[in-house]
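Since the structure of chain A is already known, use the hints to place chain B on it.
There are 2 protein chains.
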Amino acid sequence: MTLDTARLSSMANAIRALSMDAVQAANSGHPGMPMGMADVASVLFTNHVKFDPARPDWADRDRFVLSAGHGSMLIYSLLYLTGYAAPTIEDIRTFRQLGSPCAGHPENFLLDGVECTTGPLGQGLAMAVGMAMAERHLNAVFGDGLVDHRTWVIAGDGCLMEGINHEAIGIAGHLKLGALNVLWDDNRITIDGATDLSTSEDVKARYAATGWHVCECDGHDFADIDRAITEAKADPRPSLIACRTVIGKGAPTKQGTSATHGAALGEDEVARTREELGWRHAPFEVPADILADWRATGQAGAAASAQWAARLAASSHKAEFERRIAGDLPHGNAMQDYVASLIAEPKNVASRKASEMALAEINPRLPDTIGGSADLTGSNNTKAGDIGPFTADDYSGRYIYWGIREFGMAAAMNGMALHGGVIPYGGTFLVFTDYARGAIRLSALQQTRVIYVMTHDSIGLGEDGPTHQPVEHLASLRAMPNLLVMRPGDAVETAECWQVALSQKDRPTILALSRQGLPQYRLEAAGENLSAKGGYRAKAAAAARKVVILATGAEVGLALDAAKELESQGIGTDVVSMVCTELFDEQDAAHHADLLPADALIVSLEAGSTFGWQRYTGAHGLNIGIDSFGGSAPAKDLFAHFGFTTDAIVSQITNKLNA
Amino acid sequence: MTLDTARLSSMANAIRALSMDAVQAANSGHPGMPMGMADVASVLFTNHVKFDPARPDWADRDRFVLSAGHGSMLIYSLLYLTGYAAPTIEDIRTFRQLGSPCAGHPENFLLDGVECTTGPLGQGLAMAVGMAMAERHLNAVFGDGLVDHRTWVIAGDGCLMEGINHEAIGIAGHLKLGALNVLWDDNRITIDGATDLSTSEDVKARYAATGWHVCECDGHDFADIDRAITEAKADPRPSLIACRTVIGKGAPTKQGTSATHGAALGEDEVARTREELGWRHAPFEVPADILADWRATGQAGAAASAQWAARLAASSHKAEFERRIAGDLPHGNAMQDYVASLIAEPKNVASRKASEMALAEINPRLPDTIGGSADLTGSNNTKAGDIGPFTADDYSGRYIYWGIREFGMAAAMNGMALHGGVIPYGGTFLVFTDYARGAIRLSALQQTRVIYVMTHDSIGLGEDGPTHQPVEHLASLRAMPNLLVMRPGDAVETAECWQVALSQKDRPTILALSRQGLPQYRLEAAGENLSAKGGYRAKAAAAARKVVILATGAEVGLALDAAKELESQGIGTDVVSMVCTELFDEQDAAHHADLLPADALIVSLEAGSTFGWQRYTGAHGLNIGIDSFGGSAPAKDLFAHFGFTTDAIVSQITNKLNA
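Protein chains in written order, with the numbering used here: chain A, 1 to 659; chain B, 1 to 659.
Chain A with its partners taken away, still in its complex shape (with noise of 0.2 Å):
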């Protein structure tokens, strides 16, 4: 080590300090992990992580990341202290508050130094095992030189008894991630008291059943915190580091407790605190020396991110290098050739295949996208183009076999996406976002680019029966903030979501696609993604148009049949295809006005929920969909059982128009 304990140990306080006091300022808060952890990661900051305060974007920094995201003032404080832009002393001054970049728990579209967003537990450490992936695909591509750094992660408890933790670390495990750490903050409590409530594991015994080297340490012990950090570093397995640690290290009557995890201390414990410390300064003030010495700490990897910048400048692979790491997509219009060939000679295919088939004309192209399936890769059609497995002996490999692990894929997914440089997308059943669900709203919060290829979505899945058909999954992603919901219903459509889905540099999507094939409808040249619209129309009223049809996806050409025989009974209608709502909303108000007119019978046309729809359709509009579960049986007499027949939606239009 560099620095001697006591000066190690003022460094700690340092953060005891801050932690406490600006969980005390704000009344609320997270004190016990920051304390308690406070030891570990001053050795860890100042010996072990590389990174550059002043350079936050190095592209070859190592990624930390606090899985145990309540302790946000456990980073807030390093962040501060080795000399980041941000957060300053007043950010934490008014942490918790209203426009403060010192979030509750650790957001990463508010602080450079957060590499991703923490708090729902377990995640942050799935996260972690993506971005170890992504640096070690990243290496494999561009070689030692442009890539070669660490994943830290601190969790606890918490974190190790969710059940993401068992998928995260199967899939490190296997993979053999040697330069992804976890420093586990080892305190045996929980929010509801000891941990012998609720657990008898043995989590070390657990972590090398799964393939990880296990460790551990005194996390008060300077020396031995260095010494396991350093064993873990040197073996190639990833490591787990068991850290014994205190919980409120330094409060003299709370700490140990669960007292100290989700509280303030108390301006009583808070000065009796800086007793015990020794810690003689007023709230948010730390002293010159200890300051210091911990900007040092921040200056000390300035030479090598120099070095760094200095291989990427003379490196042959600096353009491209530099596009894959602002995640921009290359030059070309290889999608515009593909959908014209699809025009001049048309594929009726079920959308996942489509999706096949976009794919193969994407990733030969388009080297940054990493695929893979929760073991369904036959079923979600996510191989395609030529990329190889992605394993533990080949990192370069472009194609994961993620297991049985859907939560994992996913969290791990944010995780590449935001280490940069990839662009991640996964397959399972759309009925099994509800498995990944807290994921994919951090895909939406964190605003990554990842991309969920949801096959077998509706009742179309056919025999395998309830469970495994979708019903009310579209409506409850539309109702998430930032995610495109995409329902394409033809091979060019398909084509086009994948487009707009590849252009979203902040946000994800779902590519919700049938198993069930399905005629190609779009037929002529459009000259432009009409699908990134959200919704345009598909056909335009012979007759008077008394009648518009929304259908999304597989319903799309079942509208489009209604609607002729509509047409020969002399109801002109409309058929909208609402590829996307959320694009859809996003248009102006004629587009708006153009495709719901106001002296239409509206109806909507999706075999699934129909909750939602009234926003278009009105109270008086029609809603055809699936408010029940589904049922096992081939597709087709699901189909007729639940109506979605050319015959019954026919009828139904036809009875409401004369109602």
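Among these hints, one or two may not hold up.
Put simply, identical chains are the same to the list, so a pair is met inside one copy or across any two.
DSS-like cross-link-like pairs, simulated, lysine-lysine; straight-line CA separation at most 30 Å [to be verified]:
{"no.": "1", "residue 1": "318", "residue 2": "533"}
{"no.": "2", "residue 1": "176", "residue 2": "533"}
{"no.": "3", "residue 1": "539", "residue 2": "347"}
{"no.": "4", "residue 1": "50", "residue 2": "347"}
{"no.": "5", "residue 1": "564", "residue 2": "636"}
{"no.": "6", "residue 1": "50", "residue 2": "176"}
{"no.": "7", "residue 1": "505", "residue 2": "533"}
{"no.": "8", "residue 1": "505", "residue 2": "546"}
{"no.": "9", "residue 1": "539", "residue 2": "564"}
{"no.": "10", "residue 1": "533", "residue 2": "353"}
{"no.": "11", "residue 1": "204", "residue 2": "233"}
{"no.": "12", "residue 1": "176", "residue 2": "204"}
{"no.": "13", "residue 1": "204", "residue 2": "50"}
{"no.": "14", "residue 1": "233", "residue 2": "539"}
Please keep in mind that the hints were generated in silico from the structure rather than gathered at the bench.
Just chain B, lined up with the frame of chain A:
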């Protein structure tokens, strides 16, 4: 063992033949698992499971859970062969066809003997944990004579890779559920191929690290299977029995490969499998001697079930035991007295606190309830009424410290409810329904009485910020079929909602409860449970009615304040407390027309997504809500920021009226 190898082999082959033939007839399904586990299942049902096909509702039967639900033909075969009234051989012939009880995945509501709906991987095992917990609790209450049975699980690699597996086995190991035995179909195959594509885990070591007994057997050696099961039964810990099997055993060219997992074998392979197995019988034909052996196995439990019935008849607990198993509530009107006391002395408390107060009334009077929280006991206010902890040392306790395991908790509660005799409730923050959503959906599909106590139900959560603040959650849950989402706004409504939730024998309830304090607005005795109507008029317009505000939960008080201000401006305003949209939708047209008059501006007011409210407010109404993520700040600042103040609401409404 009571049967020799040759006879067991024929019995197992009957399962194989029925399974492959049914899948072939449907041209859809999963033959690999039933064929691979046929030998294990034959030993299990012949020698170990306590059951009586003539009395499928025998309360003290062993529970058998096919967690690997895709292998549904295994359980359909077992039920038919052992002599359950259903499925018949005709039912099996119609496997996966519309209306058949032999659905693609086993559905608890279609067949006796199917203890729970499985298919979403990992959840069967987690539900079995809940069943085993309910069994131990009822044993502690009613004694060995009435309750002393085992819970058996067949699980595959998918179940073991899912995150919920970690949560489920963690709580089971901690609680020392020795009567829980999991038979792992260790076939080393997943859909994508060999398990080593995606995992390197030492499963047995992981289970051992989690407090489980672990043993193994050759899954095709009857004596070895029997030895391992016997060993598992003898161990006081829950047991994992690793059964080394060959997937699709018997199919000569496809066995041992993922080709047998999820598709019909094909006519050729089926024919060759017949040869390989020496099975010379037509499809769906089981020879009399083999059927007789199976039927004798089924009849072997009759004596034990009769003895048990005699013990019950003689028991002083008979009436209470039968009441509890039937799921009937005891007589009495405790909640009415409690509501009267609130009317007499109003309480201005957070609805989570009101929930605790209601539970303090309920729990002492209703011994059926078992409460708990996923490590947020003090925040969810779920421990009330002097109930003690449920621990490995005292299963009579009625409060469960679930640890940080939301999904595991929810799935186990499903298992408890399905077991019967108990009414489970459990808490976490509303936002973390995302983590438990897969199990909430199975609550709804399986029609279980599970009560979710979901607190901190809006931005009113305050400083913890957007990761902890639900926005889209109410909408996303309302879109789910067969689920009550109840959001009470004061102490009276909270008591009413508990009463409604407890009385739902066939559906689950979400109680969405506030963190922040709320005024009690229900101040007059109603004589009936107004919340049971889903929505009711909390205030009638004084001036000529121009506005109706539909508000829920914490926003009803705000709506009343806004209405007061509008009335002072001469704008007559109704306020409807829309406690539960599902129940409101079930009321008659007169109730709807009364509360939603055509001649008023209808305004929805809820501190969450506006998605879906348009079905009540129409296209020309006003929707006041939050359609973005929240923020980190004190609640009052957030409410002001997002426009949830009396002034902001009044001005939105008057602007709309003037527009």
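Here is what the structure says about each hint:
{"no.": "1", "hint": "318 x 533", "in the structure": "neither (35 Å within a copy, 66 Å between copies)"}
{"no.": "2", "hint": "176 x 533", "in the structure": "neither (43 Å within a copy, 57 Å between copies)"}
{"no.": "3", "hint": "539 x 347", "in the structure": "within (19 Å within a copy, 59 Å between copies)"}
{"no.": "4", "hint": "50 x 347", "in the structure": "neither (51 Å within a copy, 56 Å between copies)"}
{"no.": "5", "hint": "564 x 636", "in the structure": "within (21 Å within a copy, 55 Å between copies)"}
{"no.": "6", "hint": "50 x 176", "in the structure": "within (21 Å within a copy, 45 Å between copies)"}
{"no.": "7", "hint": "505 x 533", "in the structure": "within (17 Å within a copy, 46 Å between copies)"}
{"no.": "8", "hint": "505 x 546", "in the structure": "neither (40 Å within a copy, 45 Å between copies)"}
{"no.": "9", "hint": "539 x 564", "in the structure": "within (10 Å within a copy, 50 Å between copies)"}
{"no.": "10", "hint": "533 x 353", "in the structure": "within (23 Å within a copy, 47 Å between copies)"}
{"no.": "11", "hint": "204 x 233", "in the structure": "both (17 Å within a copy, 28 Å between copies)"}
{"no.": "12", "hint": "176 x 204", "in the structure": "both (17 Å within a copy, 20 Å between copies)"}
{"no.": "13", "hint": "204 x 50", "in the structure": "within (27 Å within a copy, 38 Å between copies)"}
{"no.": "14", "hint": "233 x 539", "in the structure": "neither (62 Å within a copy, 66 Å between copies)"}
Of the numbered hints given earlier, the model fails hints 1, 2, 4, 8, 14; all others are met.
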